[in-house]
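Trainee: Protein chains in written order, with our numbering: chain A, 65 to 402; chain B, 2 to 390; chain C, 171 to 472.
These aren't lab readings, by the way, just hints derived from the structure by calculation.
Predicted, not measured: the structure shown is a model, and the values here were computed from it.
Where a beta carbon is used, it is the ideal one built from N, C-alpha and C, also for glycine.
Check before you lean on any hint, since a few could be wrong.
Claimed, not checked - Partial pick of chain C residues on the chain B-facing surface, computed with a CB cut under 8 Å: (1) H288; (2) R298; (3) V393; (4) V436.
To be verified - Heads up, simulated DSS-like pairs for lysine-lysine below, C-alpha to C-alpha not over 25 Å straight-line: (5) B:K98 with A:K92; (6) B:K286 with B:K275; (7) A:K92 with A:K229; (8) B:K375 with B:K275; (9) B:K302 with B:K49; (10) A:K92 with B:K190; (11) A:K92 with B:K164; (12) B:K30 with B:K49; (13) B:K211 with A:K229; (14) B:K196 with B:K164; (15) B:K337 with A:K229; (16) A:K265 with A:K188; (17) A:K92 with B:K30; (18) B:K293 with B:K196; (19) B:K275 with B:K71; (20) C:K355 with C:K268; (21) B:K289 with B:K275; (22) B:K190 with A:K148; (23) B:K98 with A:K225.
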Amino acid sequence: MKRYNVQIILAVALAILAYLAQEEIIGKYALSVLMFMGINVILSTSLNLVNGYMGEFSCGHAGFMAVGAYVSSVLGVMLFAKDKVFGPALLDPSLSIWVFPLIVIIGGIAAALAGLLVAIPSFKTRGDYLAIITIAANYIVISVVENIDTIGGARGFMGMKSVVKAMGKTIDMPWMPIWVFIFTILSVWIIRRFISSTFGKGVPAINQDEIAAEIMSVNTNKMKMVAFMLSSGLAGVAGALFAYILGYVNPGSFTILKSTEVLVMVYLGGMGSLSGSVLSAILFTLLLEALRPLQIIKWVVVPFLLILLMQFRPEGIMGNRELPDFFPRLKRFYAFKD
Amino acid sequence: MKRSLVKSTLLAAAFSMAAVPALSADVIKIGFNIPMTGDIPKVGESSKLSAEMLKEDINGAGGLEVGGKKYMLEFIYEDNEAKAESAVTTALKLIEKDEVLAMIGPNSSKQAVPAGQVADDNETVMISPWSTNPDTTLDRPWVFRAAFLDPFQGPVAVDFAAKRFSAKTAAVLYDLSNDYSKGLAEIFKADFEGKFGEGSVKAFESHGTKDQDFSAQLTTIINAKPDFIFLPDNYNQVALIVKQANQLGWSGPIMGADAWGSSELMELCGDLCKGYYFSTHYAAKGAKGATKEFIDRYTAKYGEVPDDVAALTWDATRIVLKGIQQAGELTGKLSKDREAIRDGLSSITKFDGITGSMSFDEQGDPVKCAVVVKITDEGEFEFTESVCP
Amino acid sequence: MESLVQNILNALQWGSFYALIALGYTLVYGVLTLINFAHGDVFMVGAYIAFFVSTFLLTTLGLPGWGVLILAIPLTMFFTSLVGVTLERVAYRPLRRKGAHRLYVVITALMAGLILEHANLAILGASRKAFPSLIEEQVYNIGGVVFTNLKLGVIFTAAAVFVLLNFIVTKTKIGMAMRAISYDKFAVPLMGIPIDQIIVFTFILGSSMAGLAGLLFAMSYPVLEPYMGALIGWKAFIAAVVGGIGDIRGAFIGGFLLGAVEIMVVAVFPSTYRDLIAFSVLLIILAVRPTGLFGVARHTKI
Chain A
65 MKRYNVQIIL
75 AVALAILAYL
85 AQEEIIGKYA
95 LSVLMFMGIN
105 VILSTSLNLV
115 NGYMGEFSCG
125 HAGFMAVGAY
135 VSSVLGVMLF
145 AKDKVFGPAL
155 LDPSLSIWVF
165 PLIVIIGGIA
175 AALAGLLVAI
185 PSFKTRGDYL
195 AIITIAANYI
205 VISVVENIDT
215 IGGARGFMGM
225 KSVVKAMGKT
235 IDMPWMPIWV
245 FIFTILSVWI
255 IRRFISSTFG
265 KGVPAINQDE
275 IAAEIMSVNT
285 NKMKMVAFML
295 SSGLAGVAGA
305 LFAYILGYVN
315 PGSFTILKST
325 EVLVMVYLGG
335 MGSLSGSVLS
345 AILFTLLLEA
355 LRPLQIIKWV
365 VVPFLLILLM
375 QFRPEGIMGN
385 RELPDFFPRL
395 KRFYAFKD
Chain B
2 MKRSLVKSTL
12 LAAAFSMAAV
22 PALSADVIKI
32 GFNIPMTGDI
42 PKVGESSKLS
52 AEMLKEDING
62 AGGLEVGGKK
72 YMLEFIYEDN
82 EAKAESAVTT
92 ALKLIEKDEV
102 LAMIGPNSSK
112 QAVPAGQVAD
122 DNETVMISPW
132 STNPDTTLDR
142 PWVFRAAFLD
152 PFQGPVAVDF
162 AAKRFSAKTA
172 AVLYDLSNDY
182 SKGLAEIFKA
192 DFEGKFGEGS
202 VKAFESHGTK
212 DQDFSAQLTT
222 IINAKPDFIF
232 LPDNYNQVAL
242 IVKQANQLGW
252 SGPIMGADAW
262 GSSELMELCG
272 DLCKGYYFST
282 HYAAKGAKGA
292 TKEFIDRYTA
302 KYGEVPDDVA
312 ALTWDATRIV
322 LKGIQQAGEL
332 TGKLSKDREA
342 IRDGLSSITK
352 FDGITGSMSF
362 DEQGDPVKCA
372 VVVKITDEGE
382 FEFTESVCP
Chain C
171 MESLVQNILN
181 ALQWGSFYAL
191 IALGYTLVYG
201 VLTLINFAHG
211 DVFMVGAYIA
221 FFVSTFLLTT
231 LGLPGWGVLI
241 LAIPLTMFFT
251 SLVGVTLERV
261 AYRPLRRKGA
271 HRLYVVITAL
281 MAGLILEHAN
291 LAILGASRKA
301 FPSLIEEQVY
311 NIGGVVFTNL
321 KLGVIFTAAA
331 VFVLLNFIVT
341 KTKIGMAMRA
351 ISYDKFAVPL
361 MGIPIDQIIV
371 FTFILGSSMA
381 GLAGLLFAMS
391 YPVLEPYMGA
401 LIGWKAFIAA
411 VVGGIGDIRG
421 AFIGGFLLGA
431 VEIMVVAVFP
441 STYRDLIAFS
451 VLLIILAVRP
461 TGLFGVARHT
471 KI
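So here's chain A without its partners, still in its complex pose (with noise of 0.2 Å):
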């Protein structure tokens, strides 16, 4: 029975929010802060993936989250909405419920796949140099996108709200804070067993001493792939995701700047900290929601706040360590590693 708490805890949660969320109770702008964070915890946690446990420093996540966006997006509108570009739809829109998590998986594999533009440099290239090659794929990703004019260039793709629509017509939930909800857990969830599992302590090893790994029989470049591409294919679900909140896409919500945003956040969680990730990015969507009020000074003292954080935590809030080694009592419900 006790195995499975964190389960039917989970379960129990995501009963209530759907509830709440049908009810209106809880209303629709902090319904979308929660989706907001869910997105910023899926986004920081699979790049702690590659910038903490890794060890490299990648700053292009925001190219990945676009991937996985634009590609979702034009198969959800392609295959469940009429289109200028792509014609009437193609499936009928009460399938929209089952095909919609598939279309985000879809999304995810192709920013994976995309991922491969920066996993196959980082053979040979490493440290700083990896960086260089993660902010050259965001940009590439940006430029591609702004020259295809048949998903909008610059002017941005949408229509993924009648696919949303479509789902709520079919079964009336409230669908995306549900998927949203059950995809966050999802990812932290992946994370974590491939953390701990046999194959994936090769990932810590390469952060360690990559020859040492070598010679202990880790097939490093293997598993840079697989950590690249897994990263790189969560940060596209979290893109997905994210497009049909908004339910309109645009080439300038990926830039740099949202890559460093995601950046911040690993860091301030702790290279190398799951729970450490996941806390830093609802901290972190948070105070930008609380401090609202203060308007441009906003963006004065958040980076102010952090600065003082970091110099009294100096490495992030949870450092490597995981919530449970400051509460014992949690390692009953969840270890967040082995």
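Given the coordinates of chain A, work out where chains B and C should sit on it, guided by the hints.
Mentor: What follows is chains B and C alone, placed relative to chain A:
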């Protein structure tokens, strides 16, 4: 475990967020979804200054009269950081938490398109002063705009250039990442080539939003020897481009679009921009009546001539206020009042704004005239010609 | 043919700015292995300082343009280096003392850059500033190739700065100390080298170059705004790394290379593909030469 703990505390927080104070009776709240930080802070600042002036006017006169009762105005300014996702949460916050009757902004289409979706879904009137993307208002009965669309402005520039410069060939330099600039450039190109034949646009060059050096593009353009250059760009980049074109030996005419229309243009560009033309919403020099009064008062109050965003925000806000007055009376019930305002807005047949008189078509887009102005040697924007749809 | 020569000149001018800013990145990196992401914003602050110094000298003291320029160069460099040193003292040094991972210092630098941008926005407002023209610009036209005295001045200054910095780093004692710190941070203090002073000196050098670049940039592109340093800062960082970060020659060559790639891509291909092609070229360069053009591969001992 921790995750659900955090979620539940958040839910608790969300509950408290939902419990907002009831709408006080004699206040009309209008939300502004504007970019005060991010790429285009000046746009947000102009919007805010212009709205503040309008608010002082009306509140100074005892408030806005709706159905025989005076209401004070309360404007709520929210920063959307020039980001799409932030514009969405901002819109939701204004609509739900602040319970505004109507929303002004966002200004650039990147934010206005998704925020328009939110406004339409939540049945709140939104009017974007500056967005030119057709998608912002398309099939959205709750969304309006105050600026004219690119498909109208592009041909204005073509016809004017053909007449004034007797141009047979043209070159275009535009901002690839800015959908306003790109859309206008493409419409201009299509229209120009339709009139003067394939290849009459000799160079069609682009740059990025934050670029500061345009020498390579300008070298290509100048070598193509066009009759004039069409420059649908924001004024800050216009200043740089014109200067660099000059340094590379360009002496022909340059023509621009409404994003040139800022007092800062002359400050940044100096003598180099004098003698050029651009199409815009109104001519500052020789303006009469309400337009002149607005310009004079704005200039006296803030020490700068209002730019097109300021003028359009002024008009957009006044349109909303007029819509509220048309609604007849306010019941205090949000959804009912919002609907009344929308009906009031759609029923406006003719609105005399400072950017010209306009009416709304079925999409919520304004039907109004464009003017072409000349930058005089005194640095003023002088009326040259007016083009009506 | 003329347009090729013209574009080479354009590329040299644009590359000069990348090179000047990249030098600041590379100097700090060479000593501390710290990517000082605030450097682009220090450059922005430099441009604003140049603006205030020049307007003050022009209007209050009524000096002629050339006199203002002569005074503004050292003043701007001085004040900008103060900003750089303050950053180092307030934000980076405490972290270094605590032995934080270098990437946390990098994030601190990012945050410091954000503070500089938005403090500027909050204090000075969103209006852009027009930089006053200090020297009479002459447009020369030789056989269809057009250039100005300012353009030549910028290119010449960048070259002079490179020669000077290269001399300081390779030929002087303090330069030797700088290289020594990057070689071994623990042994150097034992040799009696004041490590903090050397680091401060490095920041002074880097920031004053950013100040100089800010002044020249403001003269060439006279529209100042709070975000002007962000993009050019990133690109200069890219230039520094492509050249081989930590190496003065690398930063210099990398800056000109990036400038040349950006300009030439526009000249040859449709300009909408500029970013796509330019960054693909950089990606290929780094994939083929994993430590940049001049970077030395550090062999890991087992």
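Trainee: Decide, hint by hint, whether the structure agrees.
Mentor: Consistency of the hints with the structure:
no.	hint	verdict
1	H288	holds, 6 Å
2	R298	holds, 5 Å
3	V393	holds, 5 Å
4	V436	holds, 4 Å
5	B:K98 with A:K92	holds, 9 Å
6	B:K286 with B:K275	holds, 14 Å
7	A:K92 with A:K229	holds, 15 Å
8	B:K375 with B:K275	holds, 8 Å
9	B:K302 with B:K49	holds, 13 Å
10	A:K92 with B:K190	violated, 43 Å
11	A:K92 with B:K164	violated, 53 Å
12	B:K30 with B:K49	holds, 15 Å
13	B:K211 with A:K229	violated, 37 Å
14	B:K196 with B:K164	holds, 12 Å
15	B:K337 with A:K229	holds, 24 Å
16	A:K265 with A:K188	holds, 21 Å
17	A:K92 with B:K30	holds, 19 Å
18	B:K293 with B:K196	violated, 37 Å
19	B:K275 with B:K71	violated, 47 Å
20	C:K355 with C:K268	holds, 15 Å
21	B:K289 with B:K275	holds, 23 Å
22	B:K190 with A:K148	holds, 22 Å
23	B:K98 with A:K225	holds, 23 Å
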